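There are 6 protein chains.
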Amino acid sequence: MKATFPGQVSSTKSIRLDLRSWTEVENYLQHCKCIILPIGSTEQHGPTGAIGTDALTAQAIALEVGRRTCVLVTPTQSFGMAEHHLGFPGTMSLQPSTLSAVLHDLLLSLARHGFERIFLINGHGGNIATAKAAFAQAYGTALSRQLPVASKIRFKLANWFMSESVFREAKALYGDSEGQHATPSEIALTLHLEPSLLSKQRPLPNPAPSGPIYGPEDFRKRYPDGRMGSDPYLALPKHGENLLDKAASALSKDLSNFIEAL
Amino acid sequence: MKATFPGQVSSTKSIRLDLRSWTEVENYLQHCKCIILPIGSTEQHGPTGAIGTDALTAQAIALEVGRRTCVLVTPTQSFGMAEHHLGFPGTMSLQPSTLSAVLHDLLLSLARHGFERIFLINGHGGNIATAKAAFAQAYGTALSRQLPVASKIRFKLANWFMSESVFREAKALYGDSEGQHATPSEIALTLHLEPSLLSKQRPLPNPAPSGPIYGPEDFRKRYPDGRMGSDPYLALPKHGENLLDKAASALSKDLSNFIEAL
Amino acid sequence: MKATFPGQVSSTKSIRLDLRSWTEVENYLQHCKCIILPIGSTEQHGPTGAIGTDALTAQAIALEVGRRTCVLVTPTQSFGMAEHHLGFPGTMSLQPSTLSAVLHDLLLSLARHGFERIFLINGHGGNIATAKAAFAQAYGTALSRQLPVASKIRFKLANWFMSESVFREAKALYGDSEGQHATPSEIALTLHLEPSLLSKQRPLPNPAPSGPIYGPEDFRKRYPDGRMGSDPYLALPKHGENLLDKAASALSKDLSNFIEAL
Amino acid sequence: MKATFPGQVSSTKSIRLDLRSWTEVENYLQHCKCIILPIGSTEQHGPTGAIGTDALTAQAIALEVGRRTCVLVTPTQSFGMAEHHLGFPGTMSLQPSTLSAVLHDLLLSLARHGFERIFLINGHGGNIATAKAAFAQAYGTALSRQLPVASKIRFKLANWFMSESVFREAKALYGDSEGQHATPSEIALTLHLEPSLLSKQRPLPNPAPSGPIYGPEDFRKRYPDGRMGSDPYLALPKHGENLLDKAASALSKDLSNFIEAL
Amino acid sequence: MKATFPGQVSSTKSIRLDLRSWTEVENYLQHCKCIILPIGSTEQHGPTGAIGTDALTAQAIALEVGRRTCVLVTPTQSFGMAEHHLGFPGTMSLQPSTLSAVLHDLLLSLARHGFERIFLINGHGGNIATAKAAFAQAYGTALSRQLPVASKIRFKLANWFMSESVFREAKALYGDSEGQHATPSEIALTLHLEPSLLSKQRPLPNPAPSGPIYGPEDFRKRYPDGRMGSDPYLALPKHGENLLDKAASALSKDLSNFIEAL
Amino acid sequence: MKATFPGQVSSTKSIRLDLRSWTEVENYLQHCKCIILPIGSTEQHGPTGAIGTDALTAQAIALEVGRRTCVLVTPTQSFGMAEHHLGFPGTMSLQPSTLSAVLHDLLLSLARHGFERIFLINGHGGNIATAKAAFAQAYGTALSRQLPVASKIRFKLANWFMSESVFREAKALYGDSEGQHATPSEIALTLHLEPSLLSKQRPLPNPAPSGPIYGPEDFRKRYPDGRMGSDPYLALPKHGENLLDKAASALSKDLSNFIEAL
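Chains as they are written, first to last, in the numbering used here: chain C, 1 to 262; chain P, 1 to 262; chain H, 1 to 262; chain G, 1 to 262; chain R, 1 to 262; chain S, 1 to 262.
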């Protein structure tokens, strides 16, 4: 893929697919075959965290990566695989088979237009397995349908919270209180993005320790307030700003490598 | 359902599910069993319209309805059934079977938490059939799973662009140039919401006349620039502001009736 | 499509696909690429109406339209989407996903043989959403399978009870007692087709008023004898004869337009 | 199951489910929990046989069995699994997965109403495998949904053309010319039911010999005119009348055993 | 298909696909386009029979057939459709829809590599219907995907226990005590293959008589210890050795015919 | 779960589910609610590796873990998700949706019998995502079906090749030549299990370096002989013996923790 990798733009607006017209996308495809697809989840994030945390963070990071790299960003798939959180009111979950079908259809839509590299920025650990399964399914369909791009299309999953620099920063800031769910790092990011969330912050009792994830009833019993070993009260908006920058840097680099790779 | 129907709040933030915590939702369910779910689409809207038109409008109207009625609004399902638009770059479509599974899972998630009235605010005609099919499927599953709310849950689809007052206003403003797709009324709403879109507005040649919708290749041949009989150049931001208000009024009333009905 | 649109034949037998051989169909395809597919439902129609009403009427009208236009008529898909009637004994329903698969497979079978225009004559409101969703799915498959007719095939749904002339006649005959389900107009049609049904006719108490449709348990509670605002006792066989003629006229014209359209 | 096994009625009309009202079905269930479901196929039957042969025969036999036993007969599922006949124009086939879903949904609809014994009268060999698979699926669902009849419901498949007396009669009448598809015995039955089909009868060249069935393209190559070793020109209407009687006798006995079995 | 039908090899190892490398398979396909796929089941076989009986026997016979004919044998699909045995601990069943998908995917994998004749050796009656349904589905997909072998690929199901010589031998050895499930013939085969199973053999009370199969709860009530009319205590290892030979002879001949047929 | 965790048995035979009768499983469930399910794959492993590598290794390790812990081991699901290897002859792959359905059905079968802890021993990286997705699906179904164990059942995936001691040993033995696919460590294990495979071992040219995995055509182009950075010629049977012991030790400990955890 010959990719004229561009510099960066001043605003996220210019790289939002939902603000483009189809003729602009047609032009875009003349010089770039890559696109970013953010996926999140709508699920409980502890007694003080926002239910939309995983979608808000994935979207913000995707837009910042898009801004820095001039790569288009699609709308966010805000609902993900959150079956294990269904014991908590407000959680909205797609079954794995449903999320897989969603990603399959979105990837195939883009493949049909000639996109060759699709970069998913993911905000939720529970999406990872299903997304990878969906990739295998989508490669197969692209071949079955004999799409022109079938033999060269590539999908890549980028989980912002697993970037090394983000991981290290979270460790440095919060130590073991980072935990595994409703972590201060993701909460910090939402506080930066949405200051109104600050009003929810309050000291919390010690969380249930991190552990395994089984079914939704087990989850609620094991992690009664939804947190897994985390202390989100440690989160500050400025941490979030910093983490957003670190995540965007790391993923921009990953994306750049993804585009330039032969 | 005993519903303490509230007044209105000053900001859409307080009724966004994604900005709530699960404990706040638990409290909410004590006095209100209703929730709003916006669904849109990500598809071509003519050479000058935004690809995200249907999601942007559904979301804005849903939030305004939520604000006026104090009813929670979930995140927007931004991808809908847009198979017939797949001939135009940038369109991202879920197959009907996929969208049906998405809505099914989201409705069942909410039913599980005890929501009894779910009000979908829809921005895209192509979603209507699938949404109705999904409702029938979801009622059946609620019974099969023997959910406590199974015998009383109700789903309602509200298509903002089909509200009588909106329809009449669009006719008054644009006459026959309203057309059927990429209409000036929906474009106007996006111009109001997102002023940067104004830069795309320009006079367009006469559109292909409105007509039937078959498969994606036929659609592109029949409506070469994506418009169906519409002149989106007529759209002005202030029209959009007005239409948003009219749609929100009409749907708030529908929602109120939906909640209060025995 | 060059269509030699024929006149009419004296008997419905000559246009019934089930009475043709495959070689006759092969010949037929030389001069006409259109076919009619009737779909009905098998569901309660009030305490005095026949469970097969929607299939009997769709089939009779389809055959009459076929006779007048010389267009082949396939057998009737007698089972439709009637989930909301499952609270009444005798109702046999396909889930939306199942009916969608049925229509998908039937449309694709016909497309494979070279039929280019498939005209569904439908006798049941509950089938409409699913049929439309199935169309979108089938267009996609036709393209995925690279069928020769993929880019030109067209599906059209014709609901006989929504034809303007039928609607007006029903209003004139029955006024508000037409109601929404187990209507005197459809019952009249069955009395004309099947005189033995007359023995069931008897005065009924006032029906539950027309209203919304949610799940099957809600439906039974809301409409205890299955009727929605209708008084089927008003139905007379001669009304049915007249309605059949009106419906056949209207749909024959629709079909003719469908065939001749570019 | 205590079954008051009735005598017989004078007309098939009284046992047609589609001519009953739901209240009549409710009464019927007081004394009989059994129902007959005819399934056929819409597929090529050689150059002179009717495409609807398998549905016409299954329906006629089902109605006659119903008449003799006073057991209700549902409408006919006219479309079956005929994938291997898709190389011949006019064939309309449901994929096995689709037919399985259809039967599953119909069986579950009946189970929900309290039917405990469902007797499928089948006119097409190609449906057998799928019907049996659907039974296993439906038993599972009945248990999953915890239907009251789940532990006692029974499904039985009766293939009229495999009844011993029918088989012997066909052998006696046609010897090896009975063949395997488009057989004179089934054609004879259609000639009896629908005299207009007689006009298609004509001497045919020797058929391709009976053999295996693989995919649709192989089938057409192997059996160029659709017949498998059969000479349908031998069929006479009076044979059909006789075969109908023999089939109805055999299946009435099977049905009676099915009902009376503990 | 030009098939150089080979003689036999001294060990089953040389024809086990799982012990071959892909380059060896590539070579094999130069001279033989046929492959054997064994399918079994993991289900109760009475109080003394091994749960793996159907997979152990299918695998052993498949390997012996492969050894004698030099045709490759794939690994065994050990889990089959055993829904009706789910009332007995240890049974592991795939729903018909799942087993159908498994066979579909395996057949398509092999078709993609150029295999043209796939011979399933089956050890379980409950798999038959689903396997046949899967064949029809797979032929369709091969055509939809336009695989090079689509028009010539052939699938064949061989049920070893239904071979005439096996059937006659079982009758001669055990008479009516062969029964229908947990039969002495299949148990004998497992005793030959796995002598440790002898320790389970013990006299058993008279079995429930053979009869119909409905749902899992009915099955357990009807056949309380899992046997259907069989006396597996009659089984001896030497019977098994003999039956294995008879089955392998019969199926080798079937396979040879399958390969050589035009 | 009260688990009487046993010592070890002398032979793998006594813990093979397929060699047990249902009554023995019933007894087993009195004192242990845990079971091991091995899953593998049937796919190319380079020009000299066995196609069955992933199933052979998973099965051997599962049996050894079962032997040491006295926990039952089910038959192996030999076919896994290997879509990306489909470019190489001999690979047999289940689509992710199919493998997910298989695991779902197997887990639910076991759950129905009262198993509460199911430990999957996996031999193939490509199965991981799908297995995890299947777990979420299965927890949901267990609840939907209201199985008695629904709220306490636990599934765990153990990938033997990712055990720390195995990983370290492989690194020590092979350094960078361990690679990512067709690794000397897994090949060594097969050489130990199946000495006949030694005859395939030969020096190979430098492999393509390890890298990403996209679709099957890309995979074949990127890794022309199927290896990803590995030198399987380094593998010796004694390494395999050692690795088997290390894997069995590690997983026995994991299993023991899994059983004993509250």
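Because the hints were derived from the structure by calculation, they are not lab data. Careful, some of the hints might be misleading.
Dumping the calculated DSBU-like pairs for lysine-lysine here, alpha-carbon to alpha-carbon at most 35 angstroms [claimed, not checked]:
1. Lys152(P) / Lys221(C)
2. Lys156(R) / Lys221(G)
3. Lys221(H) / Lys156(P)
4. Lys221(C) / Lys156(S)
5. Lys171(G) / Lys253(R)
6. Lys200(S) / Lys200(R)
7. Lys13(G) / Lys221(H)
8. Lys221(S) / Lys253(C)
9. Lys171(R) / Lys200(R)
10. Lys200(R) / Lys152(G)
11. Lys200(C) / Lys152(S)
This one's a predicted model, so the numbers in the text were calculated from it and none came from an experiment.
Tell me, which hint numbers fail for this structure?
Violated hint: only 6; rest satisfied.
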